[in-house]
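Visitor: For reference, the chains in residue letters:
There are 2 protein chains.
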Amino acid sequence: MTSEVQREDSDIATRMTLLGQQARRASSLLRSSTTQQRNEALAAMARELSTQREAVLEANARDMARGKTEGLSEALMDRLLLTPERIDAMISGLDTVASLPDPIGGIDDLRTQANGLRIGRMRTPLGVIGIIYESRPNVTVDAAALCLKAGNAAILRGGSEAFESNCAIARCIASGLERAGLPSHAVQLVETTDRAAVGALITANEYVDVIIPRGGKSLIKRISEEASIPVIKHLEGLCHIFVDRHASLDMAFDIAFNAKCFRYGICGAMETLLVDQAVAETFLPPMIARFKDAGVTVCGCDRVQALTEVEPATEEDWQTEYLGPYLSIRVVDDMHAAIEHINHYGSHHTDAIVSDHFGHTQRFLAEVDSSSVMVNAPTCFADGAQYGLGAEIGISTDKLHVRGPVGLEGLTTRKYIVLGDGHVRT
Amino acid sequence: MTSEVQREDSDIATRMTLLGQQARRASSLLRSSTTQQRNEALAAMARELSTQREAVLEANARDMARGKTEGLSEALMDRLLLTPERIDAMISGLDTVASLPDPIGGIDDLRTQANGLRIGRMRTPLGVIGIIYESRPNVTVDAAALCLKAGNAAILRGGSEAFESNCAIARCIASGLERAGLPSHAVQLVETTDRAAVGALITANEYVDVIIPRGGKSLIKRISEEASIPVIKHLEGLCHIFVDRHASLDMAFDIAFNAKCFRYGICGAMETLLVDQAVAETFLPPMIARFKDAGVTVCGCDRVQALTEVEPATEEDWQTEYLGPYLSIRVVDDMHAAIEHINHYGSHHTDAIVSDHFGHTQRFLAEVDSSSVMVNAPTCFADGAQYGLGAEIGISTDKLHVRGPVGLEGLTTRKYIVLGDGHVRT
Chain A
1 MTSEVQREDS DIATRMTLLG QQARRASSLL RSSTTQQRNE ALAAMARELS
51 TQREAVLEAN ARDMARGKTE GLSEALMDRL LLTPERIDAM ISGLDTVASL
101 PDPIGGIDDL RTQANGLRIG RMRTPLGVIG IIYESRPNVT VDAAALCLKA
151 GNAAILRGGS EAFESNCAIA RCIASGLERA GLPSHAVQLV ETTDRAAVGA
201 LITANEYVDV IIPRGGKSLI KRISEEASIP VIKHLEGLCH IFVDRHASLD
251 MAFDIAFNAK CFRYGICGAM ETLLVDQAVA ETFLPPMIAR FKDAGVTVCG
301 CDRVQALTEV EPATEEDWQT EYLGPYLSIR VVDDMHAAIE HINHYGSHHT
351 DAIVSDHFGH TQRFLAEVDS SSVMVNAPTC FADGAQYGLG AEIGISTDKL
401 HVRGPVGLEG LTTRKYIVLG DGHVRT
Chain B
1 MTSEVQREDS DIATRMTLLG QQARRASSLL RSSTTQQRNE ALAAMARELS
51 TQREAVLEAN ARDMARGKTE GLSEALMDRL LLTPERIDAM ISGLDTVASL
101 PDPIGGIDDL RTQANGLRIG RMRTPLGVIG IIYESRPNVT VDAAALCLKA
151 GNAAILRGGS EAFESNCAIA RCIASGLERA GLPSHAVQLV ETTDRAAVGA
201 LITANEYVDV IIPRGGKSLI KRISEEASIP VIKHLEGLCH IFVDRHASLD
251 MAFDIAFNAK CFRYGICGAM ETLLVDQAVA ETFLPPMIAR FKDAGVTVCG
301 CDRVQALTEV EPATEEDWQT EYLGPYLSIR VVDDMHAAIE HINHYGSHHT
351 DAIVSDHFGH TQRFLAEVDS SSVMVNAPTC FADGAQYGLG AEIGISTDKL
401 HVRGPVGLEG LTTRKYIVLG DGHVRT
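Top line first, the protein sequences correspond to chains A and B.
Its first residue numbered 1, the first sequence is counted upward by one per residue in the numbering used here.
Its first residue numbered 1, the second sequence is counted upward by one per residue in the numbering used here.
These aren't lab readings, by the way, just hints derived from the structure by calculation.
Errors might be hidden in some of the hints.
To be verified - Straight-line alpha carbon distances no greater than 20 Å define the calculated EDC-like cross-link-like pairs of lysine to aspartate or glutamate that follow:
hint : chain 1 : residue 1 : chain 2 : residue 2
1    : A       : Lys233    : B       : Glu281
2    : A       : Lys221    : B       : Glu281
3    : B       : Lys233    : A       : Glu225
4    : A       : Lys217    : B       : Glu281
5    : A       : Lys221    : B       : Glu321
6    : B       : Lys233    : A       : Glu134
7    : A       : Lys217    : A       : Glu134
8    : A       : Lys221    : B       : Glu225
9    : B       : Lys221    : A       : Glu206
10   : B       : Lys221    : A       : Glu134
11   : B       : Lys292    : B       : Glu281
As the list claims (entries may be wrong) - Below, a sample of chain A positions facing chain B; criterion: calculated Cβ distance under 8 Å:
hint : residue
12   : Ser28
13   : Ser32
14   : Ala98
15   : Leu100
16   : Asp102
17   : Gly105
18   : Arg111
19   : Tyr264
20   : His341
21   : Tyr345
22   : Ala366
23   : Ser371
24   : Gly422
25   : Val424
Stated by the list, open to error - Beta-carbon label-pair distances, calculated as ranges:
hint : chain 1 : residue 1 : chain 2 : residue 2 : range
26   : A       : Ala89     : B       : Glu191    : 57 to 63 Å
27   : A       : His336    : B       : Arg222    : 39 to 45 Å
28   : A       : Gln36     : B       : Arg118    : 31 to 37 Å
29   : B       : Glu191    : A       : Thr203    : 33 to 39 Å
30   : B       : Glu206    : A       : Arg290    : 50 to 56 Å
Note that the Cβ used here is the ideal one computed from N, Cα and C, for glycine as well.
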């Protein structure tokens, strides 16, 4: 038994090494591909998806049937489901990525040094990107498109529940690549549901430059801990709105409501509302009534409880990303106390101040240590499309490399270029 | 015995946690510090170093005496040694860093979206940086200065052989911080030579944002493997010069010589020379003679051996960073073969082409996957000061976050700022 498992593991290791080598070769070839070729491949993928729509829907139906038998939750089943409309959305996503400017080859900061050397920084692909994701099959297309557009080879590892859908989509991708004259190994799907493949992928330092996990917090934590390759993490969003004593309270009323109620399940949803004590008495009773009317359960600190009837908030509430119709509210002494609360309890994702005081907004922007800091706007705007990135692969909660919504730029790196004329160093 | 070791380890863990907490608090305070305060602190450190010069030299003399007793190598003893000139260099380094523009607070790419939201990216400190380094005591000052200038708190762990020197320098740094009204915990030296402290530092995810090891390859590899915090790595430089068939051979003659012989021990030194077969017969015999005259031992591939008398190069030679008077030479079919050799055997540090052919230079720049790619300049220019960065903390061989010479910018991150006027998402 043990030897059989070992043999299987070693088979998987061999297959993953092969995938890695193929990806590395494809990545080399992509470095000399043209913008036009990469855009043509994206357009050809869109055409293939359209042509093979039925085959993809049938594969998805098989996944759905198996999911039903295995008793997947309704939420998971909904994420797994493909419909003609969802395939249309994937196709238009490909067109959007094709229409974005090529991020590769641009040169910034080219300056001439005193000795005449011209030195600048050229944007270049990262190389090979490993993407590990859960049930949504559309990620297969989105991730492939973004990686390819930025000149990277991709190794995709989707969830086992979407296995047949992903394989059908991957065939469209491969044939799109071939039609544009690009190596089909530029995008490879890991065609096994064995979990050992994930372990092999996240430790394949020789072949993979970066791992991007997409999915729940537990998946991302586990991968970050076990990977020896750098990981771009997309962890939780415990977002705050702070209503300053100099806020327009009408504006704050709408911003706070929108930040919570636009959609409960997004990482940019507000989870804690902080209110300056100078305006709490005026602001909070109608605000809390509005939340309650919308079906939001509110808990609050002592000072909130003294103003209106709410559940008592516990220490745990300040640390909880509810992702649902729940909200914690705290009255704070002033803006400094608000910043302290946010930097201490927050997840460094997205936090906002509502204020008309110039100095307060500037300090809040400078001192809140989050990937997005907002003034007079709700946290639910934290999103690549809203930021004008065209498309995003996630929202990074890391500080290094890329922070906040990750578009094409986050999938690239910059190298120095040095242009001389026979200079020597003396 | 075991329980004593365990108690010591747990003492160290407790002390490192305290250091981490103090650093985190100092980092918060630094976020609201002004450019002027940070520059004043740097100037005050310089004055302290000047005033306490004798005390620092005495501490260094004690380190040197112990090093002698312990039989440190001559190279290590030289790196450990402080002289009045080397202290002057540290002082002028502080002045240089003070005079650089503040990297913090600048806003790039601020654009107005269709809905009127203004979105940009603000440069901000990383937070807490852990620096682990070997014998040179000047790193204590350099690292402290760069971290502080970029608004970060630093935890410094120097080599045990420089312990007394580092403590004396750290006292100057602390008193400089205090004189400028900044928290003295903004720069903390780990005041123990116990190696367990390194293990605690590189896994203190709650308190430390990034680890920068400075030293030999083995130190950096070990730290990268054991750290759970992101590491900015500075690994080896296996640098190449490729002499294209369209090169000015006179220029190539001087560039290749300079790349090898400017200084053998720097990471930008050329280790392998690649020559297009079309010019090998003309170029190589005099070039090799010049290297031999300079005392460089040359090995070469079959085609080089057919031209002149050299040692045969082995597969291992193409993979070796000599850091000494040795050079491997290979004749390649054309530019593509050169790029393939570099991307396969190189360390992705710095590589150069000598060529007057526009298309060849452009392809070389685009396709060589190295942190610096040069045209008509020797690889020994790879250096932060030469690149106009003012000062550098090392040369990153990573692709993520920062690549190539790391100056102040590499010690910062960017957050999105979103400026609204009561916008809500619909």
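Visitor: Take the shortest C-beta to C-beta distance between His341/A and chain B; is it under 8 Å?
Guide: Status violated, d = 12 Å.
Visitor: Does Glu281/B lie within 20 Å of Lys221/A when you go C-alpha to C-alpha?
Guide: Violated. Lys221/A to Glu281/B sits at ~58 Å, over the 20 Å cutoff.
Visitor: Double-check Gly105/A for me: the hint is only fine if its C-beta lies closer than 8 Å to a C-beta in chain B.
Guide: With a closest approach of 6 Å, the Gly105/A hint holds.
Visitor: Mind checking the hinted window 33 to 39 Å against the Cβ distance between Glu191/B and Thr203/A?
Guide: holds (36 Å)
Visitor: For the hint on Leu100/A, does the least C-beta distance to chain B fall short of 8 Å?
Guide: violated (15 Å)
Visitor: Hint check: is the beta carbon of Tyr345/A less than 8 Å from a beta carbon of chain B?
Guide: violated (14 Å)
Visitor: Is 31 to 37 Å a correct range for the gap between the Cβ atoms of Gln36/A and Arg118/B?
Guide: holds (34 Å)
Visitor: Sort out whether Glu225/B lies within 20 Å of Lys221/A, counting only the CA atoms.
Guide: holds (18 Å)
Visitor: With 8 Å as the cut and Cβ atoms as the points, is Ser371/A at the interface with chain B?
Guide: Holds - the Cβ of Ser371/A comes within 8 Å of chain B, reaching about 6 Å at its closest.
Visitor: Check the hint pairing Lys221/B with Glu134/A against an upper bound of 20 Å on the C-alpha distance.
Guide: With a Cα-Cα distance of about 33 Å, the restraint between Lys221/B and Glu134/A is violated, given a limit of 20 Å.
Visitor: Does the alpha-carbon distance linking Lys221/A and Glu321/B stay inside the 20 Å limit?
Guide: violated (37 Å)
Visitor: Hint validation: Gly422/A versus chain B, beta carbon distance must be below 8 Å. Holds or violated?
Guide: For Gly422/A, the interface hint holds, since the closest Cβ of chain B sits about 4 Å away, which is under 8 Å.
Going down the numbered hints, you'll see the structure goes against 1, 2, 4, 5, 6, 10, 14, 15, 16, 19, 20, 21, 30, while the others check out.
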